[in-house]
Amino acid sequence: MTSSHGRRLLHLAAAVDQQSVYDADSYVALARLAERGGLDFVTLDDAFARPGPDALSVLSRVAPATGRVGLVPTVTTTHTEPFHVQASVATLDWVSRGRAGWRIDVSATEGEARLFGRRNAAPPDALWQEAGEVAEVAARLWDSREDDAGARDAATGRFNRRGTLHHVDFTGSTFSVQGPSTVPRPPQGHPVRVVDATEKHARGTAARYADVALVRAVSPAQLAAVRNELRETASAFGRNPDDLRVLASLVVDLGGGEYAAEPGHGGGGPRPTARGPLYRGGPVDLAELIAAWYTDGVTDGFHLTPAEPRRDLERLVNGTVALLQHRGLFRTFYPGSTLREHLGLARPANQYAVAGGTS
1 MTSSHGRRLL
11 HLAAAVDQQS
21 VYDADSYVAL
31 ARLAERGGLD
41 FVTLDDAFAR
51 PGPDALSVLS
61 RVAPATGRVG
71 LVPTVTTTHT
81 EPFHVQASVA
91 TLDWVSRGRA
101 GWRIDVSATE
111 GEARLFGRRN
121 AAPPDALWQE
131 AGEVAEVAAR
141 LWDSREDDAG
151 ARDAATGRFN
161 RRGTLHHVDF
171 TGSTFSVQGP
181 STVPRPPQGH
191 PVRVVDATEK
201 HARGTAARYA
211 DVALVRAVSP
221 AQLAAVRNEL
231 RETASAFGRN
241 PDDLRVLASL
251 VVDLGGGEYA
261 AEPGHGGGGP
271 RPTARGPLYR
281 GGPVDLAELI
291 AAWYTDGVTD
301 GFHLTPAEPR
311 RDLERLVNGT
321 VALLQHRGLF
331 RTFYPGSTLR
341 EHLGLARPAN
351 QYAVAGGTS
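1 is the number of the first residue of the sequence shown in the UniProt record's numbering; add one for each residue after it.
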């Protein structure tokens with residue numbers, strides 16, 4: 001779907017993180033609000049380093065209460081079994097009817113390692129190498145069952161027709177997997193993979209495997225530099241860089257327009273904080289910033305974390321998004337039903353079926 005000036009419509013996503021909230025209805029309400037605004041997807045963060053509900057389980061509960069918005073939990077690849085991770089993400093894709101994503105992350109601290117007791121913490125480069133291997137084997141496992149695997153043959157009454165199951169036989173630096181997956185091939189083929197590529201360690205994995213890269217940047221120049229690096233690295237890996245969506249990540253405080261003139265906010269743009277780049281101002285100013293960064297070509301869209309979840313998401317949807325829709329920069333309805341369709345990404349072909357692999 002393109003805008004009136006011939007470019008792809010920009011992509012918008014929001015975090016639905018809520019500190020110390022375990023009530024499912026609260027997450028459902030935020031996801032429905034994001035869906036009412038036509039947002040591509042919502043994210044729910046997760047980490048072994050802090051208390052909180054399991055993000056993938058929460059969004060599995062949100063799935064049947066929503067109909068279009070994408071659902072992207074953080075699922076770490078460190079101290080977890082790759083086979084289980086891919087099966088859980090594939091299951092979310094099934095229960096959401098093709099709206100699942102997976103925000104890939106790593107666990108770097110000794111405290112997190114002690115929770116599992118199997119190994120010590122590893123340096124970031126090694127963790128992100130492992131994360132890339134998990135992303136690779138996940139794609140192979142999602143493809144290990146062809147789209148008709150598990151379908152009943154009307155003539156014989158048998159399941160799993162010959163040639164529809166494939167063994168993976170993958171050996172990584174810390175694990176090995178044979179497959180096939182226990183879950184049928186997901187509706188999207190591959191659920192959407194998301195990586196925060198702000199830190200240098202994560203960029204190779206993002207460029208090679210991510211469908212969406214998030215970049216926490218305080219200026220268009222900073223964002224453009226990382227986006228160009230990601231696109232160049234994706235090309236070096238043999239990918240079409242246009243298949244990688246790069247979104248600017250901002251924390252947004254829309255508590256009041258009276259802050260718009262404060263240095264570093266409003267028309268001055270975001271400023272660095274411990275939580276990441278923070279934008280403080282009104283919904284109109286935020287719409288102006290989004291439009292400016294997007295039309296300058298430095299980003300494909302924005303991933304926004306409300307400082308005050310309910311208040312700021314409401315102001316984002318009712319104010320900022322409505323203004324962007326009025327300008328023809330953002331969708332007024334979902335033209336498709338899957339997260340890949342929202343993002344303008346094709347459904348991947350099955351690598352084994354294309355290669356003519358044997359079962």
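To be clear, the hints were calculated from the coordinates, so they are not data collected in a lab. Every value quoted in this text rests on a predicted model; they were computed, and no experiment measured them. Backbone N, C-alpha and C fix where the C-beta goes; we use that ideal spot for every residue, glycine too. Some hints here could point you the wrong way.
[Stated by the list, open to error] Pairs of lysine to any residue residues, derived as SDA-like cross-links and limited to a Cα-Cα distance of at most 25 Å, are as follows: (1) 200 - 235; (2) 200 - 335; (3) 200 - 178.
[Said to hold, decoys possible] Computed spacing ranges between beta-carbons, pair by pair: (4) 67 - 255: 27 to 33 Å; (5) 243 - 32: 26 to 32 Å; (6) 26 - 271: 37 to 43 Å; (7) 50 - 243: 30 to 36 Å; (8) 273 - 178: 27 to 33 Å; (9) 178 - 255: 49 to 55 Å; (10) 200 - 173: 16 to 22 Å; (11) 319 - 64: 39 to 45 Å; (12) 272 - 310: 21 to 27 Å; (13) 21 - 319: 41 to 47 Å; (14) 173 - 235: 24 to 30 Å; (15) 21 - 84: 23 to 29 Å.
Here is how each hint holds up against the structure:
Restraint check for residue 200 and residue 235: the C-alpha separation of about 17 Å stays at or below 25 Å, so the hint holds. With a CA separation close to 35 Å, the supplied pair residue 200 and residue 335 exceeds the 25 Å bound. For the hint linking residue 200 to residue 178, the alpha-carbon distance of about 31 Å lies beyond 25 Å, and the restraint is violated. As the Cβ distance of residue 67 to residue 255 is approximately 30 Å, the hint placing it in 27 to 33 Å holds.
Between residue 243 and residue 32 the C-beta distance comes to about 30 Å, which sits within the given range of 26 to 32 Å. The beta-carbon spacing between residue 26 and residue 271, approximately 29 Å, falls outside the hinted interval of 37 to 43 Å. In this structure, residue 50 and residue 243 meet the distance hint of 30 to 36 Å, their C-beta atoms being roughly 33 Å apart. Remark: the range hint 27 to 33 Å for residue 273 to residue 178 is contradicted by a beta-carbon distance near 46 Å.
Distance hint check for residue 178 and residue 255: the Cβ-Cβ separation is about 53 Å, which falls inside the suggested range of 49 to 55 Å. Between residue 200 and residue 173 the beta carbons are some 20 Å apart, a value that agrees with the proposed interval 16 to 22 Å. For residue 319 and residue 64, the Cβ-Cβ distance of about 29 Å falls outside the hinted range of 39 to 45 Å, so the restraint is violated. The hinted range of 21 to 27 Å is satisfied by residue 272 and residue 310, whose Cβ atoms lie roughly 26 Å apart.
Separation of residue 21 from residue 319 is about 24 Å and departs from the stated range, judged on CB atoms against 41 to 47 Å. A hinted range of 24 to 30 Å holds for the C-beta pair residue 173 and residue 235, which are about 25 Å apart. Take residue 21 and residue 84: their Cβ atoms lie about 26 Å apart, and the range 23 to 29 Å holds.
Checked against the numbered hints above, the structure violates hints 2, 3, 6, 8, 11 and 13; every other hint is satisfied.
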